[in-house]
Each structure stands twice: as structure tokens, then as C-alpha cells.
Amino acid sequence: MIDNLILLLENPVAFVDLAINGVLIGAIFVLVAYGMALVWGVMNIINICQGEFVILGGFVAFYFSKWGINPMLGVAAAFVLLLIVGWILYRLVIFRIVDRDLFTSILATFGISILLSQTMNEIFSADVEIARHGLGTWSLFDGRITLEQIKLAAFALAMVIGLALVIYMKNSRAGQAIRATAQNARAARIMGIDTNAVYARTYALNAAICGAAGALVAMIFTIQAYGGLAFTVRGFLVVIVAGLGNLPGVIIAGLSLGAAEQVASFVFGLEYQLAFVFGMLVLIVIYRQIRLGFRRQYLR
Amino acid sequence: MRLAHNLFAGAAIAAAAAMAVSVPAQAKVEGDTIILGAAVSKTGKYATNGKHTINGYNLAVELINAKGGVKVGGKSYKLKIVYYDDESTPARGAQLAERLISQDGVKYLLGPYSSGLTKAIAPVTEKHKIPMVEANGASRSLFTQGYKYLFAVLSTSEQYLASAITLLAERAQAMGKKPGDMKIALAFENDPFSQDVRAGVLEDAKKYGMKIVIDDKLPPELNDMTATLRKVKVVKPDLLVVSGHSKGAALAIRQLAAAKVNVPMLAMTHCDSAQVIKKYNKAAEYTLCASQWAPSLTYKDAVFGSASDFAATFEKKFGYAPPYQSAESAAAVLVFADAFQRAGAFDVAKVRDALSATDMQTFYGNVKFDPTGKNIAKPMVLFQVQDGQYKVVAPTKWASSKIRHPTPPWSRRK
Chain A
874 MIDNLILLLE NPVAFVDLAI NGVLIGAIFV LVAYGMALVW GVMNIINICQ
924 GEFVILGGFV AFYFSKWGIN PMLGVAAAFV LLLIVGWILY RLVIFRIVDR
974 DLFTSILATF GISILLSQTM NEIFSADVEI ARHGLGTWSL FDGRITLEQI
1024 KLAAFALAMV IGLALVIYMK NSRAGQAIRA TAQNARAARI MGIDTNAVYA
1074 RTYALNAAIC GAAGALVAMI FTIQAYGGLA FTVRGFLVVI VAGLGNLPGV
1124 IIAGLSLGAA EQVASFVFGL EYQLAFVFGM LVLIVIYRQI RLGFRRQYLR
Chain B
52 MRLAHNLFAG AAIAAAAAMA VSVPAQAKVE GDTIILGAAV SKTGKYATNG
102 KHTINGYNLA VELINAKGGV KVGGKSYKLK IVYYDDESTP ARGAQLAERL
152 ISQDGVKYLL GPYSSGLTKA IAPVTEKHKI PMVEANGASR SLFTQGYKYL
202 FAVLSTSEQY LASAITLLAE RAQAMGKKPG DMKIALAFEN DPFSQDVRAG
252 VLEDAKKYGM KIVIDDKLPP ELNDMTATLR KVKVVKPDLL VVSGHSKGAA
302 LAIRQLAAAK VNVPMLAMTH CDSAQVIKKY NKAAEYTLCA SQWAPSLTYK
352 DAVFGSASDF AATFEKKFGY APPYQSAESA AAVLVFADAF QRAGAFDVAK
402 VRDALSATDM QTFYGNVKFD PTGKNIAKPM VLFQVQDGQY KVVAPTKWAS
452 SKIRHPTPPW SRRK
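Chains as they are written, first to last, in the numbering used here: chain A, 874 to 1173; chain B, 52 to 465.
Bear in mind the hints are in silico, worked out from the structure with no lab data behind them. Since the model is a prediction, treat every value here as computed from it, not as a measurement. For each residue, glycine too, the CB sits at the ideal point set by N, CA and C. Hints should not be assumed to be uniformly reliable.
[Unchecked claim] Calculated lysine-lysine pairs in the BS3-like style (CA-CA distance at most 25 Å, straight line):
| no. | chain 1 | residue 1 | chain 2 | residue 2 |
| --- | --- | --- | --- | --- |
| 1 | A | 939 | B | 287 |
| 2 | A | 939 | B | 329 |
| 3 | B | 199 | B | 234 |
| 4 | A | 939 | B | 234 |
| 5 | B | 287 | B | 258 |
[Claimed, not checked] Derived, one-sided and incomplete: chain A residues facing chain B with beta-carbon distance under 8 Å:
| no. | residue |
| --- | --- |
| 6 | 891 |
| 7 | 894 |
| 8 | 1010 |
| 9 | 1049 |
| 10 | 1094 |
| 11 | 1139 |
[As the list claims (entries may be wrong)] Residues from chain B that face chain A, not an exhaustive set, calculated with beta carbons under 7 Å:
| no. | residue |
| --- | --- |
| 12 | 138 |
| 13 | 142 |
| 14 | 196 |
| 15 | 242 |
| 16 | 268 |
| 17 | 270 |
| 18 | 279 |
| 19 | 285 |
| 20 | 287 |
| 21 | 298 |
| 22 | 310 |
| 23 | 315 |
| 24 | 463 |
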């Protein structure tokens, strides 16, 4: 551990290289987290099957690349397909748990996550797959910093999707309806908003965002039917840090997580990559709890 | 229910009666036929590899019988195998081994498919003092239990990538460097198999005095090796060894190419199951991959001829190229046949001693057992991806192609 730290301090360029790559990867976490925050904020559901949506989207890109179609188009295709999957899931299961307590929703979406990963295993087999993108790598400083074009493209794409979402939520009638429902579902119903339709739209939108992120994952890393959990955990951490309904916060937290994770796995070793994320989660929750204890407005 | 119970009881009594009558005094030999038994997966998750195993066994039996059978004490005997389907579950495997031995009276067992099944069956054969020659259980833990009746023709897991270290030492000397100056980076998944492989690599690296500069463990949910590969970029080892099943193999090649990390030598397991050539084309070039066997090796024996003869015979019979699972299974039967001939009798103890004294060459490789029963004469084979094909490059003595080393930097690769 200490020798790794020294190694990093001796090679500041490697540190920069890691951080840049981490930030670029972080854009994918931002997408997953944003979808999660949306569903959580509007429907009060913690969606455990985020990761499975990601992997399913990844398989869309995989098939595009297998059929010789540019997998970049797979991002759009995954978005559309997962929109449909999300809508169906809402109509089948999720509408039953909207008004229930958090525990019920966690249990239900956990069930969906198991079901989805097993189904993917049946259909796509347990093989590790990738989507080929054909993009190259830029080398800076004699190859000591490498910028993968695909990661840059993913970053840009994630930002575009994020921006489009902000505009959609702020300006479109449908977006306004979602926000109104989030603020007060009962009042929204009285004002004539079909909250059930809003929930369906929200859940489908979340699945679609995850699907797009998954297509990017298939082009940058690898996908495997059971590989979803890691993305759910990261999304959860980002939402916990940033809070609900705080898009700038989600972006900053997601990108920082990406960078922090890379540096941490360099120093502590790769086997602690996800353990680091969990550790952060615990620390942040404890910190929150302590701060909450000092607040005056809470009467005990 | 009651009827079923009665039927079952009846069957048990009948079986017991049959056993009482036909318990063989010495060994399971009917007329001029030697009966071998095996529980192999015909269904369940190992069904495919179980089929490869059975095909290997059957082909060997067929050829041995066609060439006059096994000569024991001046008389020729044919071989026959009794199979049961273990359904890919260890508990069933153990049960069937018990049945083969105590009910069917079989005295010589061939192994099942996979380390897990072998682990379940070995205690049974050990208890009954029945020799088992297995070909598909590579786990190191099989040979630390002090088993006396277990013999394995394949290389065990700690041998998987040890030949990469030997190869590195050879290359260092060829380039006028000392093997002791070589630096090695390790990235192994934290599971029993990969850690077995790692233990073997460490042992051999220590022998040459090579320095381990990176020793990272890969998590089971591995999906990003960036941090480890950045370390490789900074430390510049002479050899990077990766073992993380299909995912580790696929990820390592993708991210090495994407981040343009230069390593003169890259060795890994599971390249074939990750289908790295199909996935990456050019980016997979120069990669060294561990394998038990290859048809292009120059080993030979009297039954099958050379390794490539075996491959041709097998393909003609079954319509597909033999995977190494079939080759090692066929070799297990050859070892048994050889032991019978040298024992000159069917006394189980004598056959067991003959097995443990085995020292022969088969098309699959040399076979010689150490006291724990594992084959110490056959090294693992290393393939290298050359022009989109797997070519055997190590061990140098049996290799058909020359290694391409060092791997040129990415800036000079197309």
C-alpha cells in the first residue's frame, strides 16, 4: 500500500492520467445515479435493478457491433428498448409498490434484479461480451497520459443526455408534471395530473437512461449477465452524497467518485475497488447521522 | 408412496443378494473383458465437457481393443467402460462411485469431469482402496489430502502458467540478460483456481530469483483493470501474468490496447474461453495462453500415434476437433492399460502399485506420477496468438512455433 502511494507520488503524471480516466468513467455513474435519484425522488422507490438495466443496454450495443452496425447507434437503440422495458415493468410490478414503504420497494426491485440477470443468463449465456467501437486512443506526454476517444465520446454523450434531461424537466409539460408529482402527489392529482402516467413515464425514463449508459459500458469495459450490481452500488453512493433533486450535485459526486475510485484502487489494490465505494458509503452515512444529531430544529 | 417404498426395498434386497453371490474375489474381469467404471456428467452444467470426456474414453477403448487389447499374464483382454450420469452434482457423483464399487463390483475407476466432481468421488475410491485415474480435475487441493489411489494425468492448476516463467528465463538469456533481473507483474483473481495458478508462478519466479513488482488481486465483480494497468505502465515489468477467468482475459487485452500499455510479454489463462482472437483480432496478437494440450505437439505413443494422429482419428469419428478434455481423457485409459500390462495380474494392490510406477509417453504427453498422484512429467503448453491463430511456443522442447518476443510497443503495432 505504502509503496503504491510512493509510486504515485513519484509519478504525478500517472496520477493525472488516473484522475482524468476516472472522471471520464464517472460520467457513466452520473447517468445511473441521475436515473436513480429521479425514481427515488418522484416515486420514493430505491431501484435496486439499475445495474441490470445497464447490462441489458450493454447487450444491445453488443448485438449492434456483432451485426456490423456502429454500436454508437446502440446507445439510442438501448435507450428506446429500455424505455419500453421500464414501462412494461411499471405496468406489471412497480405501480403496486409506489405508495408502499421503502422496504417493500427495495425487496420488489431486488427481485426484479435477480429475475433480469437470470433471464439474461438464459438468453445471452454467461459469456463475457464486448462491443467493438473502432475508435482509437490519443497519447500525450510520450504515452504517459492516454485519452481513449471512446471514453471522451461517452463523457460527451452522458453530458448531452444529462442536459437534455434538465431541459425536459424544466420546460416540457411532461417534465413539469413529473416535478409537480415529486413535490406533492396528492396536490398534483387534484390539479388534474394523471400521477399514474407520470410514474410510468419516470420509471421508463430511468430505465432508458441506464440502458444508454450500459451501451457505453459495453464499448469501454465488458458486460456479463451478472455484472449489474457494481453499477447499482455506485449509483446509490452518488445519490446518497448528492441528495435527491440535485443534478449539479449528482454530476460532481459521480465524476469525483470515478476519479477517487481509480486512485484508491491504485493505492489499495484493485480488489478493494468496490470495497472502497462501500466504505465511502458507510462513512458518509455516519457523517450525515452525526451532523443530523447537532441540528436544532429536530425535537426529540 | 407405500408401493414405491416396497419396490425400493425389494430392489435393495435383490441387489444385496446379487452382490453376495457375485462379489469378485480379485477384480472386475468378466471372461476376457476388463470392466472400468466412470461417473461422468451427461446432463447439467458440465454436459458439454462431460461428452468430450466420454468421447475421449471411448475412442481410447475402441483403439486399444482394435489393436489386440491389453495383454495380462500372456492373455489378451478387451476393455469396457460402465458409465453413469452424475448430473454435474458432486453428491450424485459420490453416490454413483459407491454404486459402481459396491454394487457393480467395478475395481478400476476413470475420473469424472471437473475438479469439484473429482473431489467428491476421491474419498469414496480411497475408502474402498480402488484406484482411479482421472483426467479432468486440476485443483491443487486434490493432491494435498494424502490420497493413495488417485492418479491424475493432467497438469494441476499451479502448473498452468509456470511455463511462462521458464520461457521468460530462456528469453532473458537469449537476449544476454540475467533471468534474475526480470521483473514480473501479477494480476490474479481472488478465487481458489487463480490463486493456485499464482502460487505456481511465485514458486518458479523465486527459483530464478525474479522480482515481483506488482501483485494485485482482482475482485470477483471485476470490470475495470485501469488502476493495475496504470501501475504496469509506470513500473514497466518484463512479464505481465493475468488470471481472472474469461472476464480477466477479455478485460486485460481490451484495456492494455486502449491505454497503450506496453509489456514485452503477456501471459494469461482462459484466452480460448474468452475467445480473445474473435473479440480483438490484432489487439490479441502476441498474447501467451495456457493450455493442457495441443494437437501440434510432438508427443507420440503406440496406440494413437502422434498428437496430430489422435486429433485426426478423433475428428473422423466424432466430427469435431478434439478439445484438450478429450485428449487427457483418452490418455487416462492408456495409462490404465499400461498399468495392467506391467502388473501382469488383476490384483487391485498390484495394479495400484503399477500405476504409481507409471513412466510412459502418450500422444498427450509424458506421464509420471509423484507420491501424491499428480503427473509431474507433462508441462503445461503455452500458445501464442500469431497472425490470428494459436501457435504452440512453449515448452520449447515440444513447441511447433517460435515465440515472437519481445512484443513491440503499441505505436509500432498495426
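Okay, the hints, checked on the actual structure:
| no. | hint | in the structure |
| --- | --- | --- |
| 1 | A/939 x B/287 | violated (35 Å) |
| 2 | A/939 x B/329 | holds (11 Å) |
| 3 | B/199 x B/234 | violated (39 Å) |
| 4 | A/939 x B/234 | violated (38 Å) |
| 5 | B/287 x B/258 | holds (22 Å) |
| 6 | 891 | holds (6 Å) |
| 7 | 894 | holds (6 Å) |
| 8 | 1010 | holds (6 Å) |
| 9 | 1049 | violated (38 Å) |
| 10 | 1094 | holds (5 Å) |
| 11 | 1139 | holds (4 Å) |
| 12 | 138 | violated (19 Å) |
| 13 | 142 | violated (23 Å) |
| 14 | 196 | violated (29 Å) |
| 15 | 242 | violated (11 Å) |
| 16 | 268 | holds (4 Å) |
| 17 | 270 | holds (5 Å) |
| 18 | 279 | holds (5 Å) |
| 19 | 285 | holds (5 Å) |
| 20 | 287 | violated (11 Å) |
| 21 | 298 | holds (5 Å) |
| 22 | 310 | holds (5 Å) |
| 23 | 315 | violated (15 Å) |
| 24 | 463 | violated (12 Å) |
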